[in-house]
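Colleague: Listed below are the residues making up each chain.
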Amino acid sequence: DDAPISRLKSFLASSASLTADFKQISFDKSGRPAQNSFGKFYLSRPGKFRWNYQKPFVQEIVSNAGKVWFYDADLEQVTVKQLDDSLGSTPALLLTGEVDIEEKFILQEQGKEDDGMNWVKLSPKNEESGFKYILIGLNGNQLGGMELSDNFGQLTRIYFSNILLNPKLDDALFNFKAPKGVDVFEN
Amino acid sequence: CSLLSEKPVEAYRLQDMQVLQQQRQWYFEGRLALADERDSISASVSWRHRLDRDDIELAGPLAQGKLMISVAADIVAVDNGDTRKEFRGPVEEVLAEQLGVTMPVNALKYWVLGLPDPEQSFVEQADGFLQSGWRVGFREMQHINAVVLPRKINAEKGKTKIKLVVDQWDLS
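Chains A and B, in that order, give the protein sequences.
Count the first sequence with the working numbering and you get residues 1 to 187, in order.
Count the second sequence with the working numbering and you get residues 1001 to 1172, in order.
Read the hints as simulated data drawn from the structure, not as lab findings.
Don't be surprised by glycine CBs; every beta carbon is placed ideally from N, CA and C.
Misleading hints may appear alongside valid ones.
[Unchecked claim] DMTMM-like cross-link-like pairs, simulated, lysine to aspartate or glutamate; straight-line CA separation at most 20 angstroms:
{"id": "1", "chain 1": "A", "residue 1": "Lys81", "chain 2": "B", "residue 2": "Asp1036"}
{"id": "2", "chain 1": "A", "residue 1": "Lys29", "chain 2": "B", "residue 2": "Glu1057"}
{"id": "3", "chain 1": "B", "residue 1": "Lys1085", "chain 2": "B", "residue 2": "Asp1055"}
[Said to hold, decoys possible] Some chain A residues near chain B, calculated using beta-carbon distances under 7 angstroms:
{"id": "4", "residue": "Phe70"}
{"id": "5", "residue": "Asp74"}
{"id": "6", "residue": "Gln77"}
[Said to hold, decoys possible] Which chain A residues face chain B? A few, computed with CB under 10 angstroms, are given here:
{"id": "7", "residue": "Ala34"}
{"id": "8", "residue": "Leu75"}
{"id": "9", "residue": "Leu148"}
{"id": "10", "residue": "Phe185"}
Whenever a hint applies, use it, and build me the whole structure from the sequences.
Modeller: Here it is as structure tokens:
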């Protein structure tokens, strides 16, 4: 088994929980960085994660008990969706062990890039996942980054830092409570 | 001195927006929430308007489920990256079917500039106007160079609610 793929699998198996800072870069059609966002990522296996976007604006994405809450502070809106298949292969879901990666993805080792990370490419076996592929970058045995290509071939890259493996995380972190006065829509 | 506090420049005033009537093309990036009793969408949005054509891009969190919509006359094209479908017919109806929620594009392209749709009557209100059954309210304005433009827009009609936050304007 190629080293990086087995390292990815052992990382996914060994991280019951995780916290990290992240920087997200989205690239435009011509590949130039279009927008950066920053925040904190929390994960607790199985099936729980939280993205706290802090800059340039406040958004929260929380997954728990088969649902995903998406909150935007400026829009004063919370949208609650079922964690169905099309959303199911979101990258974060991938990290929470809810998905058996080999059952859902074809794995290909991409080699080391100038950022020093070993990247593994995961191509969804299910067509409608809304993604062409997901790349996961490893720093040695540690999660380092993720790259998503949407259906138009536009890239979003996420770099993780200050990673804490298996911290004790309070469950309340994944019980989303809508702030007062915001619209909540569940369907 | 006047007891009425001077309206902050950030408050919406219809006459401030008239200058934008001649605005032939514009572009903005922001976030859009569309909800009615059937479904709701919360997405990042970019919208490029040219004289006779509107190109709108909607994407969910982590750029998922991106849709590119283009509207020219009564031809609406919806592209999800895999397949591009073209429809002929009233834009609002086509989009209600394709998006699952109401999006009055032909009026919205004026509302985003703080203007009522010139082809419909309207009744002016303190922070916006009433038009074709919609209550359009401008909750926050912003300065882009010397021009005052909306930043937070709400539009409600019965159970349907649209909320838009414009993060970046480009009037060039």
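Colleague: Work down the list of hints and note, for each, if the structure agrees.
Modeller: How the hints compare with the structure:
1. A:Lys81 <-> B:Asp1036: Within the cut-off at roughly 15 angstroms; holds.
2. A:Lys29 <-> B:Glu1057: This hinted pair holds, its Cα atoms lying about 13 angstroms apart.
3. B:Lys1085 <-> B:Asp1055: holds, 14 angstroms
4. Phe70: With Cβ-Cβ at 6 angstroms, under 7 angstroms, it holds.
5. Asp74: holds, 4 angstroms
6. Gln77: Hint holds; Gln77 of chain A Cβ to chain B Cβ min 4 angstroms, cut 7 angstroms.
7. Ala34: The hint holds - Ala34 of chain A has a Cβ within 10 angstroms of chain B, the shortest such distance being about 9 angstroms.
8. Leu75: holds, 5 angstroms
9. Leu148: Holds - the Cβ of Leu148 of chain A comes within 10 angstroms of chain B, reaching about 6 angstroms at its closest.
10. Phe185: Nearest chain B Cβ about 3 angstroms off; hint holds.
Checked against the numbered hints listed earlier, the structure breaks none of them; every hint is satisfied.
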